[in-house]
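Residue numbers (this note's numbering), protein chains in the order written: chain A, -4 to 358; chain V, -4 to 358; chain H, -4 to 358; chain U, -4 to 358.
If you are wondering where the hints come from, they were derived from the structure by calculation, not from laboratory data.
Treat the hints with care, since some could be wrong.
Pairs count within a copy or across copies, as identical chains cannot be separated in the list.
As the list claims (entries may be wrong) - Each computed DSBU-like pair below joins lysine-lysine, with the alpha-carbon atoms no more than 30 Å apart:
(1) Lys253 / Lys192
(2) Lys192 / Lys357
(3) Lys357 / Lys253
(4) Lys253 / Lys93
(5) Lys58 / Lys253
(6) Lys58 / Lys357
(7) Lys192 / Lys58
(8) Lys54 / Lys357
(9) Lys253 / Lys54
(10) Lys357 / Lys93
(11) Lys192 / Lys54
(12) Lys93 / Lys54
Take a look at the letters that make up each chain.
Number of protein chains: 4
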Amino acid sequence: MPNSFGKLFTLSTWGESHGPAVGVVIDGCPPRLPLTEADIQAELDRRRPGQSDITTPRKEEDKVEFLSGLFEGRTTGHPLAMLVRNTDARSEAYAEMKEKFRPSHADFTYQAKYGVRDHRGGGRSSARETIGRVAAGAVAKQILTRAGPVEIRAFVTHIHHIAAPSIEHFPTLAEVEASAVRCPHPETAARMIECIKQVRSEGDSVGGIVECRVRGVPPGLGEPVFDRLEADLGRAMLSLPATKGFEIGSGFTGTLLKGSQHNDPFVSREGRVRTASNNSGGVQGGISNGEEIRFRVAFKPTATILQPQATVDVHGAPAELRARGRHDPCVVPRAVVIVEAMAALVLVDHWMRQSAQNDTFKF
Amino acid sequence: MPNSFGKLFTLSTWGESHGPAVGVVIDGCPPRLPLTEADIQAELDRRRPGQSDITTPRKEEDKVEFLSGLFEGRTTGHPLAMLVRNTDARSEAYAEMKEKFRPSHADFTYQAKYGVRDHRGGGRSSARETIGRVAAGAVAKQILTRAGPVEIRAFVTHIHHIAAPSIEHFPTLAEVEASAVRCPHPETAARMIECIKQVRSEGDSVGGIVECRVRGVPPGLGEPVFDRLEADLGRAMLSLPATKGFEIGSGFTGTLLKGSQHNDPFVSREGRVRTASNNSGGVQGGISNGEEIRFRVAFKPTATILQPQATVDVHGAPAELRARGRHDPCVVPRAVVIVEAMAALVLVDHWMRQSAQNDTFKF
Amino acid sequence: MPNSFGKLFTLSTWGESHGPAVGVVIDGCPPRLPLTEADIQAELDRRRPGQSDITTPRKEEDKVEFLSGLFEGRTTGHPLAMLVRNTDARSEAYAEMKEKFRPSHADFTYQAKYGVRDHRGGGRSSARETIGRVAAGAVAKQILTRAGPVEIRAFVTHIHHIAAPSIEHFPTLAEVEASAVRCPHPETAARMIECIKQVRSEGDSVGGIVECRVRGVPPGLGEPVFDRLEADLGRAMLSLPATKGFEIGSGFTGTLLKGSQHNDPFVSREGRVRTASNNSGGVQGGISNGEEIRFRVAFKPTATILQPQATVDVHGAPAELRARGRHDPCVVPRAVVIVEAMAALVLVDHWMRQSAQNDTFKF
Amino acid sequence: MPNSFGKLFTLSTWGESHGPAVGVVIDGCPPRLPLTEADIQAELDRRRPGQSDITTPRKEEDKVEFLSGLFEGRTTGHPLAMLVRNTDARSEAYAEMKEKFRPSHADFTYQAKYGVRDHRGGGRSSARETIGRVAAGAVAKQILTRAGPVEIRAFVTHIHHIAAPSIEHFPTLAEVEASAVRCPHPETAARMIECIKQVRSEGDSVGGIVECRVRGVPPGLGEPVFDRLEADLGRAMLSLPATKGFEIGSGFTGTLLKGSQHNDPFVSREGRVRTASNNSGGVQGGISNGEEIRFRVAFKPTATILQPQATVDVHGAPAELRARGRHDPCVVPRAVVIVEAMAALVLVDHWMRQSAQNDTFKF
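Full structure from sequences and hints, please.
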């Protein structure tokens, strides 16, 4: 099921950019969870386009509708189906895509794979698919908030050449949401916004890096050997459109350290085993160790740009493409919400798996 | 099934470092593939310890034994079970581990998760688990060689602070195997070997980066939206012990480019659609585009070092650990073989999935 | 994913009897299949209540709406989402169910399992869930019709004590649809209808047996050892509400034969290997052998009856229940359509699996 | 993974009749379970051939060897691999099978599907594959015994035309094991044994019916809608060689009752909700209701008989086959052990699934 994610807490997304709707079904949701449309809408609103002058002007209300799985304000344990109608889809703006492959988009590969493609707005490859992920992630966040509490906070550390200084504390949601670019360092945020406005005026685009932190996760989540927590987090992030890299803890930079520098010494603190440093990023042997989980995701510059580009048409003949349509000059600020959603989904799923094997029967 | 990998071509590994054996079962192998123990042994020998003076002196013959799924030299379509006996396991060297958690190992997290652990040599968390992956990967390589041909070549680009110059050509196997460190740039390889010898003499360890290239892959492999080719490659690599990062194509560096620089223009060449550059790393929209697949994996320095380290014991009391036992001061050169194996496994699995959906029925 | 079925051609159903809608998502559908809402509607109409005087008077239009996965009249290879709104849901008729467990319904077990339940019309346990199955089955039938052609024909052989004489030929769809009870033997059909009317007038209910035949299936579908074709057909049928038994080929009666009578001798006919008899029911060693597949499914009498019944309330106190609401005195005739749908789904899924392993790579 | 069974407690079997060994890997076993080879061996000995004069004279010691997943007498939570060597394999007795398809065996379908087959003793289709199931089932039984306690008891009710009188009590293990035919009704058992001896002397074979009872299962096991407990039990049983039918509770006979007779009234007893009758067979709405689970499995007569049979050879030419080799004139008594094993595996898996969804998070 290539459109499903999770072993026990499973979401399945469906829908295209310019079809009637996009949606998601969650299978395996724990019963009796209090849940309202407002819980979902709050996260969808954070993801929604048209919120600031650095995102796509596409105006979508992105209003969630519950279709099943709720009864008197609580989940029933049965599939939770949610739907968001597409309302501001202007297919005519995409007529050129029918004939020409947009560089670094999925147009060519979809055509090569399936022999057919819905070219309107990228069809299934559109980032509107992530609406279902964010909706499901909102449910996962509700579960985690009540379970721990667990806090998940993603934010932007790099846009193009602009890097935020190292952020040592766990940023508050208010700090992240304070700027349209979702970088919790105000001065850097201002420079990032300037950068995005500049490239937009050039008809160009930029990428960047999202960092995600999770605290409050108990030791024990993650399954050796193939379903290690970092492997599933990595897969989750690399399944997002426009991602090119993932690292956890010390990441690529950690290769510059020696073992004696990189190892995280164990210490006893507050009656439990902790580590004095956190190069491991909260995961050891594929399993959470109770420390803060820290990972970073690289997003390439948006493929859609308004400058003319060389390409070929569907018959293989050379062509020039000048994209129109509405798009983000930089997807990274909105990606923050999606990264949090995927992290929440991975954690809930692994928590249930951990419990199933270790708590169902006690010996 | 946390110890299984792949949807259609599935491997399941089992075994601990100091148990009687390690092994693997492949389910879903295509029938009639010619296969001999020598095909498997060749790859196991590349992975085997004790081959050079920069790896662990543990002497394991790592002789593969076929248990099922073969008949008269061909696969039957039924499970292919393979086993390798552990012969040079010296449990007594690991007595200290029973009482103390080794920093940045899986000792603490295994104990926290399962309430029990086989401390001998790390038990299930030992890299000996990867023998099963390499054996299965050898089968996958046989399939790919006959299918395309597809060539997979991994090699070392970084050890600690030593970086190879950019390698533009597709290195030959001979170039990679020419040095014990598996870097195809001879001068760099020599420096890397010196570096590893130096840290070993200090009782310390180093990490590095493995790059992997795959050529000959047809367009169309990879499944939107969660099972994108890069997501599954990423998961495969991040499921390897000691990995902290994964990037494909332009990776983290790609965040420094603008869209107009990063996009790969389409061109017509040799009668088919190609790209003029390859920042995508051979994958667009989660699907292979027929270009060379290029990704990199970061390996942290080996956690086992021979210097005294601060830690806690299983009761939470402060302790000092001075590891003994045999180990690699740097796992990166041997990881090359395992990276190739995992890449082969991902590709065979996705090839079968692609074919199932798109070739079974024709409309 | 307990609400999903199929490994490669996967359907996931969602929705409750008295929620806003019921629906289904198909993941893995082959691309380029011509498909219209009329293809789906035709099967939904066969399943729909209110078609004759022996079914529930609940009037549901059951109008299918496509939400995704189609482009210009063909499937795209992406999730195919379909939805049917619930329109004639009268929740007030079910108020009694909130307080009392209906005997032989899912009320008690749902409450025991989840600690919460949507009591209105049985919620998720309602047979309205099968709308999604029938819609997905209609897609599978379209695939099979173009693939073979494969024909699937289910029909009623027993209602209560009334048994049709042995039906040796492959009944036409017209013969099955000729009577409201879907028994292709007209005299028996008439008696069955009388029987159902009689029990309805008593406020009672009856069950029966559906037989299903499939012809045109090539040899090779089915996977040893756990995913044998009969195991998956059996699971599919036993996942239908009200089923209590499944048998294939000679079934339970076959236990009365000796091996020398039961074995199906092989013969050469029309240039291929056939069997002279068909006690195997078209499956040997878990794999289709090219003969007609024949199986039977037992449906118990409808649990909802209009006679007063002893039960307990949600507090465990004795209570009397007198069901109201609209219901079928006999579900068996409508089950015919659902049995066909499930058979089609199993076959498409196994066909893709067979092809993936045996046709992707050729040795 | 066609050779794997179970979502969370998963077994994967491998091996052929005349290969070096058969085996099983369990993934997802709860940690800390005390386990010895004797626990496994006891069940394997019950299954083992050569125990009485009504089974195959093939002499296999069937000695289990643990390969992984155990440490100091307890499971570790990692894969539990077990192996049984084939010792009394006489391949030469099967030379005829290489050229001729045995009627009602898997010879033809394996050849048609895979284009290759290990003809020796049926290869993968041999009932020796069930050794892995019985070994894994023995682990599942250990878990269930400590969890409840849950008791599983299968026994023979029919051999050919000989039917035991209705057995109302829950038979003891001693009653079942008292006769070689495993029918707890001594007079019937004696007649069954006579029948089997008679058909064996004729070079013929017979089938029969196994009934299985499970008591001590709590309410709540089973997952709507596709993974209903009866659907998974049915699939498990129909995946066994030689099975042709499955029914639960009232089964096919239940179709003769009216709803007013068939419904199981709820009553309060011993402080919990019970049913006054048990036509449901312990499962309602796909979920266990706490009553005794009762199901029956039909086994056809053994396909291997010593009488000459008409068949075709691998080239499609008519041929006569006169089987030699050792075989059971009736597999039903040995199947009792395998039915119990599969039931135990289904229950442990569903117990873990139930707990994961409903107990991990509490709202």
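Hints versus structure:
no., hint, in the structure
1, Lys253 / Lys192, "between (42 Å within a copy, 13 Å between copies)"
2, Lys192 / Lys357, "neither (58 Å within a copy, 47 Å between copies)"
3, Lys357 / Lys253, "neither (41 Å within a copy, 44 Å between copies)"
4, Lys253 / Lys93, "between (53 Å within a copy, 25 Å between copies)"
5, Lys58 / Lys253, "neither (51 Å within a copy, 33 Å between copies)"
6, Lys58 / Lys357, "between (45 Å within a copy, 29 Å between copies)"
7, Lys192 / Lys58, "within (28 Å within a copy, 48 Å between copies)"
8, Lys54 / Lys357, "neither (53 Å within a copy, 39 Å between copies)"
9, Lys253 / Lys54, "between (51 Å within a copy, 25 Å between copies)"
10, Lys357 / Lys93, "between (59 Å within a copy, 23 Å between copies)"
11, Lys192 / Lys54, "within (19 Å within a copy, 57 Å between copies)"
12, Lys93 / Lys54, "within (23 Å within a copy, 43 Å between copies)"
Hints 2, 3, 5 and 8, counting from the list given before, are not met by this structure.
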